[in-house]
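Just so you know, the protein sequences line up as chains E and B, in that order.
For reference, each letter of the first sequence is one residue, going 1 to 1007 in the numbering used here.
For reference, each letter of the second sequence is one residue, going 1008 to 1481 in the numbering used here.
Think of the hints as simulated: they come from the structure by calculation, not from any bench.
Misleading hints may appear alongside valid ones.
[Stated by the list, open to error] Simulated DEER-style distance windows between Cβ atoms: (1) E:Arg619 - B:Trp1377: 47 to 55 Å; (2) B:Pro1277 - E:Arg937: 57 to 65 Å; (3) E:Pro850 - B:Lys1318: 52 to 60 Å.
[Stated by the list, open to error] Taking lysine to aspartate or glutamate and the DMTMM-like style, the derived pairs with C-alpha atoms no more than 25 Å apart in a straight line are: (4) E:Lys720 - B:Glu1346; (5) E:Lys932 - E:Glu942; (6) E:Lys350 - E:Glu287; (7) E:Lys354 - E:Glu733; (8) E:Lys720 - B:Glu1334; (9) B:Lys1213 - B:Glu1044.
Don't be surprised by glycine CBs; every beta carbon is placed ideally from N, CA and C.
In case you want the letters, here they are:
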Amino acid sequence: MEKTSLVNITLSNSPSPAPAPVTGPEYWRSLDQLADTPEFRNWVQREFPEDAAAVLDGNSRRTMLKIMAASFGLAGLAACSRPEYRLAPQARGREDYVPGAPYNYTSVFSLGGHAAGLVVQTYEGRPSKIEGNPDHPTSMGAATALAQASLLSVYDPDRSKAVLDGGKESTWEKFEAAVKGLSLGDGSGLRFLSGTVISPTLESLRADALKKWPKAKWVEYESIARDNERAGAMLAFGQAVNVHPQFDKAKVILSLDYDFLGADFPTPLATKLFSKNRHVDSEADLEKLSRLYVVESQFSLTGANAEHRLRMQGGEVQKFAADLVAALSAPPAGGDKRGKFLAALAKDLKAAGKEALVVAGPRQPAIVHALAHQINQTLGSGAVTYTKASSADRVDSGVDALKALTGEMTGGQVSTLIILGGNPAYTAPADLQFGAALAKVANSIHLGAEDDETAAAAKWHLPEAHYLEAWGDAQSTDGVVAIQQPMIEPIFGGKSAIEVMAVLLDSKDRKGLDLVKNFWTLQWPAATRENTWRKTLNDGVIAGTQAAEVKPTVDSKKIQAAPAPASSSASGGIEVGFVPSATTWDGRFANNAWMQEAPDPITKLVWTNVALISPAMGRDKGWKDGDMVALTRGNLKLEAAVMVQPGHADNAVTIALGYGRPKSGSVGTNVGYNAGLIRTSDSFWFGQGFAIAATGANEVLANTQEHGSMEEPQLVSSIKPNTRPLVRETTVEEYKKNAKVIEEMNEVPELDSVYPQLKWEGLQWGMAIDLGACTGCNACVVACQAENNVPVVGKDQVLRGREMHWIRMDRYYVGPVEDPRAVEQPIPCMQCENAPCENVCPVQATTHSPEGLNDMAYNRCVGTRYCANNCPFKVRHFNFLDWHKNFLERRRIEPELMSMVYNPDVTVRMRGIMEKCTYCVQRIQEVRIATKTDGRREFTGEGVLTACQQTCPADAISFGNINDPNSKVAKLKKQERNYAMLAELDVRPRTTYLGRLRNPNPELEAS
Amino acid sequence: MSAVVQQDPQLMVVNPPLVQGSKDLHDLTEQISSVVEAKVYETPLKYWITLMCTGSVVLLLGAMLTYLVSTGIGVWGNNRPVGWAWDITNFVFWIGIGHAGTLISAILFLFRQKWRTSINRSAEAMTLFAVMCAGIFPLFHTGRPWRAFYWLFPIPNTDLNIWQNFRSPLIWDVFAVSTYFTVSLLFWFTGLVPDLATLRDRTTSKVRQVVFGILSLGWRGSARHWRHYEQAYLILAGISTPLVLSVHSVVSFDFATSVIPGWHTTIFPPYFVAGAIFSGFACVMTLLLIARWTLNLQNLITIKHLDNMNKIILVTGSVVGYAYCTEFFIAWYSGSIYERFTFLNRAFGPYWWAAWSMYTCNVFIPQLYWFRKMRTNLWVMFVISITTNIGMWFERFVIIATSLTRDFLPSSWGYFSPTWVDICTFIGTIGLFLTLFLLFARFLPMIAISEVKGVASQEKHVFAGQEEGSATLR
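Just chain B, same shape as in the assembly (with noise of 0.2 Å):
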């Protein structure tokens, strides 16, 4: 086998094979369905210990949630004039860390891109865990979430007993992030099918027999079905990609259709959109990263995988710095003295340290990308990972909370901070997500194995046949 894969060693370079390693197809399953077919014995201890933090972390979030609802928002540190807070900013980070998925699903793989399959199951799986933390945020943000539950849907209700105000941007987020959720499940449903079916068959427990068989919807990978599956993916793919536009759009409409200073903003549907795939893409570099060292996915996750995610956060990150430009620039040059107050105090205010902090993260560290020993360094990405979400978090802080601490009347101007219970709920739902993608890495694969398969006895033709001097075109 390995001597098919010699190739040019040139190309090599700049276009490796996307699965590395001398694996053939039996190999694949063996090596991913091994994490979830392995008895509770057998998975190690270390994963037990990391579960369990992390479920702690998941009760810390209930007893938050607890406190909030039978005391009042005030338990938060918001106030007058800061309305929306840690709440939002929350939210906002955690849809925005949602998007990768969708992108990476939906969009690359509209565009062929193979490089997506050793990634696209964990970042769908990602998309929906963050969406579920993010929806936490807007319906226990409000003052009596046991009211707005229901009565932000437009479902008939025999006590508000009117329609929702559709002019409201939060009516919108209902619908674009419920209708973001539903898809993006589906679409990792869907995806997840032909891989339950291999599980199912390879089981030998009753248990996983029955829940497969019912996940699996029947698969045998007929020619039928694999072609009724195609299509299916498609027609999702394509329903999914407009909603990686829409979703943050939408969400951004909550600031930039008000009045206030700082929010009240044109640029922000585009920009809301690289930010969120800029934050989603680095998210998905910090999970992947760490799968891949611990699962030993080298042969499946490799470098030219991480270089090519490496080079979307160095666009996505330099299309928030031009934006970040542009407002500045808008704010001097719109001539009202509220919109260029903010922006000079965005930068040298109360909270200068939050705007550095999200400019130096999220422009300035990702401009270390423009070489490719950075792309191609772990320890680098990982580090500039984990900053990028700082700086987004960052980005959603400074625009949220910072703007409506000085807004249009200084005689109502104040200052935010924090309390103890907004620390532990965003602790809390970093806690869900982790236990979450924690128990679908462990219970589900992680890689989806029939695309996988795919690429490689794709790359296999491929590479057997550049031996014989043809080019090859990816």
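Pulled out of the complex, with its shape left as it was, chain E reads as follows (with noise of 0.2 Å):
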């Protein structure tokens, strides 16, 4: 997606659209309602003076419907509307503006103190996809799947929709007054919770905050959040640094219980990196292929794509961090599996010198961190980079600043509360009591976009307009700074963060855009400052906001001086460990379907979280997948359905965060287990001494693959069961030797086809997916929903088989099931050359393309579902019901909401019919049209992305014109790794793979 030049498009000039009804942007519940407004009558006559009269009277039931379908059609237009608030003159002349044609803006996405820059698709003032900027340093034009996700979560019709003042609606006006009310004083009882704050702007509000109330504290509490690595930061250097590991920098690479590759980073950044160094095109890539080894409790994404793995609980990874500190100056003597590791480890690591890189997860505690900075700086590594961070008085962040705060709210400290945006009601550790505390404060306003736990107990509650519905801005651990664009007036008439300070400080500008707009432009020079601004908008970055790198020294003494590791059986039990949801992140997308049904990346599971245990520990306890059991510690309860993960440490389970939300909306109220219940805050990440019993009871899970592996199950104990070479890889050491190895996996005999073949000339699309990059994000499955309109399920369909992924996501494990590793493929349509499916099709509706496309004609499809069958792959997706309309149904939401969402260059299909991945087809159109209206070029191929390939974030997608012998797809398609599956089939399929090539340490590769 290009981004246009168009900054704001002025729609001052374009015909008066039809009047929103009733005030503003609420929406109508039917049409009747939409018609019975002054508004609405008011347009009509201005707009069919003639036939006004026939609708107003109400006499002609005909020209009242013919009127009533073009308002309805015009009436659309206003309701989601540009904000009509706007500063910025309009880039270019009103002629430009193409209706239907879509306009693309930059914007920015805050995720758990992580910014990454977006471009964000509209048509008619409506957004319908997300990409990433590829300006933008921690999106570089990649989006993870919860950023592209974000988007539904505009439409969502459970969003909080009205002011609330005790539970009974109410309007901001009487906000605004009961505010004024108020006597803070000198804010001594006053107190303000937000999320972790990334705006400049809102950090300047806070600090005038904290300037007019002297005595008010401000407390950041985010559920996941980046506290620990700002303590270790803090613990090894004395100062706030943030941490820039440079994956692409590395070539032996060490994760201590860092899950990068999946949902503890929130940008596209590390995966970016990281894939740099797992792209093998020439033999020079052969040498710099990185070696990553992952210590962790949880079989995590990372941990699926690394060389060695060592699993344990998290509390071990303490004493493994300290150990390792000792191996790097003491060579210890090998012993058992974790001696040998760590040997081999720390050999590899010294070696690497320079080029080794030691990370720490999140979820460690500081100590960890700061070991990490310890090895790093011991080696000198290269590969890691430090800016300042900035610090501000009197704001406290993390657990324990949550906890002092609950003590002061139940102490009765606190008058008035101030929580902008989050749900700490939900979030917030259980020790802490929030709600109870939260109930005690006379004066608590809660920011939020959901009526979810905390609004109930809050006496005021705000709606929170969406990210793409106000202004604003982000900075990223990196300084740079994005502008926040809205896409959309507020649908439910929400506030952001800073509008709602700006009341509160009864400032003199109230506007998102005014406040964003004047601290920024006011620290530039006069002249410039409005081009500057376009600039600014148009690039989606403000230049020179890059923060300088420092180069802090590790203060070895005071880790030491640190206490020493915690004995990890101390107090007995089993350790629970939680992690954030790849899906629901701490609960906030709980109520967006994209996500719900995006399965797992490891799990597979879709519309639930599980407590996951090791093979071991289900083998011991007889739990199948699905048995429900009780973890309890002290008074605190969890039942929660159990599923073995392979590769999941013993005694250890790990639970992710997010699900079992009390109150969220129609989609994500008590979908699955609310691990909240039994996270305290001294067992923030995990914690010992919990016990686990079965409570006989068992729950369905709904997941997306149910057979993991590509060896064939044994069915008679005498015959040795295959492995299928679907996902094929090597070893460089292998591939060194003998180049045609991942070719070799697969005999296929001289085939021959009785018909002659079709000579595939002029453009011809194919795909190449280099699965040695491809770390199973599943960025894509969520861009593909996005683009192609592909419908959600719900869980009981799943349940049938009956997904819609366009682009799926193959996970097998291989090896033993106590230590796999794990291959992810994503799978789209193959687009065979002599595609099984189209012979079979008995009225032609799937046919192909001159440019070797597998077309779908929906019109034409009767749904036999032969194709379905008949397709070695099972990429075809059948409307076994109206799904769009089962969802709506089932949400009781007003069918123009949702269908806001959709893009509309691809058709929404019915029930009946069958459907697949396109390759993008509509991309395809839409790059040849303009290179047709362009004229002066001919249309190669060049510049037609997909949308899984535009979002991947390890671009491990290429697409293109395999003629075009300069085309990359073509280049990679020569290579010797690449292969196609089922080849002996004879399909022919135009997506093929380039065989994994993995780099392991020969030292550890034979245990």
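Dock chain one against chain two, each of which comes alone in its own frame, and use the hints as you go.
Here it is in structure tokens:
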């Protein structure tokens, strides 16, 4: 998606749109309501003077219907118009505004203290697709699954719609009046609670507030944040620095419980950098292939991608890190598995020296981070950089700060608590009893996106505008600031945190745009202010905000003085670890159906989280997937379904946060299990001493992949099962010896057809997927869902195997169940040249295009499902029911609202017909048309990016014209590790895979 | 009369007469027509009660199909990867049952197998009703039957504007099944004409006179009529004969031409035809045994008929068993790992119970028919006729659904379990089949009067001749 230079489109010159019904942006419930508004009547009179009488008299039914149809279409435009309030002038004349054409704007997505720049595609003022901003340093054009899915939340009808005063509907005016009535004095009873603040505008408003109320305090708390990372840097360096691991500069990487390829890193940056050393396009690339070691309790996506992985409880990682420090100076003697791993790792890290990198995960305590910094410094690692981090007085962050605040609240020291975003009543540790404490605060004000658990306990609840509805800004850890541009007016009339702060401060500027623009432009020279602002909005980043690198030194004495590693089995029982959910994060995406249905990258579960246990524990206790267990410690108890996770640490349970929300919307309420019930402030990320016992009940778990191995199940004891050569991988050593090793993994006989084969001339589309680079992050799955209007089907239908994702992520375990590796394989349509689906369709609903696409003519399809049966890759998805309607009906949504998220370039499929990946044919056409109208170039296939390819943070997907020898895809397909799945069927897939190359340590490979 | 039919007891055992009892030709007409001509109250009450029961099952079928069309295929258990399950299983099952009708009518006619005369009429009717039941599924299993019902036929239409895909075996199916139905209907109707005329001549009811008058096409029984009738019947038999082989061969192409292991098998055409005849004969057997008991047709449907049919069941069952063995051999011999796994999975995977039900019912149980005692025991043959059809239903289910559950990519493996709608729809088609058959048995002559008479009079002479020591060739 190319960004347009149209920074802002002024719609004021366009035909005046139909007035939004009732007051402002509220949605009408029926056509009658719409027709009855005085505005509508006025508008009809203006727009249809001759017919107005007929309409308003209500005499002519026919005319009425005609006009209603017209107004309905236009009213849709008005309801979702771009914000009317704007300062940037038109970048171009109005004649360039093409109705129906997409316009792209930059914005920024913030999550867990990280920021990722975006480019958002809009149609007629409604955002319909999110992609990464290529100019933003943490995005580099890619976007995570969560960032992309946040689009759906814009249209979430369960979002908070009204100001609530003690649970009763109120208005913003009444709220502002109430705020004026508050006597805050010096602010001694005033406390602010927010998530991690990375918005410079909000920071400045915060500073204003703390100045205005000198005794007020500000607490930052997020369930999943960078607190340990910051504390670790503070411990190691004695100053606040942000740490930037440069995965692309490292050859040997050790991750200490850091799922940086998965849920622990909320921007695409880590995957972008890591995958740079995973592409093998030349001989030279073989040498730079990195080697990843992972030490962890859960089986994370990073663990799945590791060359070597050592499983241990979360609490043992600290000891491991300390032992590694020791091993680097005095090589240990092998011993058991851990000993051997440690010895080999120490040797390898030392040998890598400058190209070694040790990273610690956000769940590990500060000391582990400090030890990682110490090792990096000892090794002289050049693969990590540091920048100065900001810090402010009277601003505390983290769980301890929240604990102190809750103490104050319970003690009655807090008279006014302002919660700016977030849902602490759900995310706060169970022992803090935040909800009860909140009830004791006389004036509690909660700004939140949902009428959620916190809203229920607060006096005032204010609807928060979605980030695509409000102006703002966000600073990534390296200092770069991006402006958060709104795409649409707040659909449900919400306000952003900065706007609420402006109300509280009674500042002159009240609108988000004024606040953000004035904050920034006033820092700039007056002459170029406007131009700089416009350029900033166009680029998505503010030039020159990149923080300067610093070179702090590790204070190893201070690290040694830190408390000794806690003995892991001190308090007996089992360890429970909490991890961010890859799908709902900390619960804020619980009501997002795209994420609920996006399979977990490892477990492939949808619509739930589970208590993950090791195969040994499953065997010992005799538990199967879905058996309910009670996890108890003290008076805390959580009942959850278990699932045996190959590769999980023994005597430990991992459970993802973000599920089991008691009060979310129609999608997320009570889905999964609320890990927060047993999460305490002293066992914030993991803790010992939990008891686990079966309750006797069991739950049906829905997953999208039941069989997780390429090896066939052993059905007859005397017959050895085969392993199917689907995902092919080999080691660098093997590959160097014989480059054809990938190809030779499958014997393909001489294939001949009795039919004359087509000559594939001219433009021919093809795709190559590099399995070595793909990490399995799910970004492509969500990108495809947004791009192609792929429906959500719900848990019960996934159980029936009817999920619709056009590109799916297959995950196969390799090796022993206790200690496996996992390989991920994205499966879009293979677009076979000899497509077995085509010849069986009785009505020619699926045929081949001259450009080698296996096209679907939806209108022609009668739904025999023969094509799906005959597809060896099972990439065809059938609309067994009217998924879109089902989904809306279940949630009692007005179809008009939900349909705003659709991509208008892609047909929404009805029930009874087949659908599948099209290689984003609409994107091909878009570029083709643009090239043709341009008239200066021939369309060679250049510039076409499929949605999955565009967003892939690992750049694992290449697409293009395979007949163009200069295209990347053609070059990749010439590689020797290129192979076609099931080539022996002679279906001749256009989607081929590049075999995975691993770089294991020879010392550990044998064990 | 009884004195005339005395014959060598030895010969009687091997070749008993096909029409037994002391019936002259008038008695035969009376016996068969009385069922049709009975007044409503003369027909036993249990008939009407049975008809009401089966009729309500037809209503159930209607309700299920309405629910299906209004809601979507999702009301069935079909899923990804199992795109076809009970729908196509039932289709092939019913088509298979239909096969015996044509075989008995046409092929046995051409081979001058006189014993077919007592059973051919009901077997043909059964064929028609079974094909009707079968026809429901290919139409209603589509996602959009309101389009499929005419887009699948090569008739000009303005909304599609292209030809059908003649490479698709589903289109071949459409032609094969519709041809089969048409020819079977003509064949059945042609055979009915003389009997309809008989009914017309016997009735005193004005309505019946008109209806049977029209249906009997002006039949007067003149030699000219008989001559034309015999010719037409022979030609239709000739046309029907290849259909016995072609229909199920074409149906099997649905699977054989695909790439899915377990489907992609060249043995399918003969294997399916044998299986179809096997199940068809079993179904005819079930119906005839019931008719024989309830309508007292022991003299017309004799042990001799049943014994012959059981022999055919034994032969076709063994052919099917041979095909099963061949499949396993080829799965091993092909060297294809996917093929190998599919057959291991069939016998020992999650659906082992379906596969072993099929082996047991289709291969092992019919082996009892090697013994004459078993072939002539009514209870044994009744039970086996039922188990055979259970086995053949499972055969289709095993081939169609279980092959799909686990194909090439283990990631997309799944499992199929039916919903209540699947089950009720299938029960509904059984209800439709029984209802149609009950109506047929009550309102049309169930046994071809004219043909039975031919056999009866011939036998009279033959057995009379035997008394004088002349050899019999039959």
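Hint check, failures only: none
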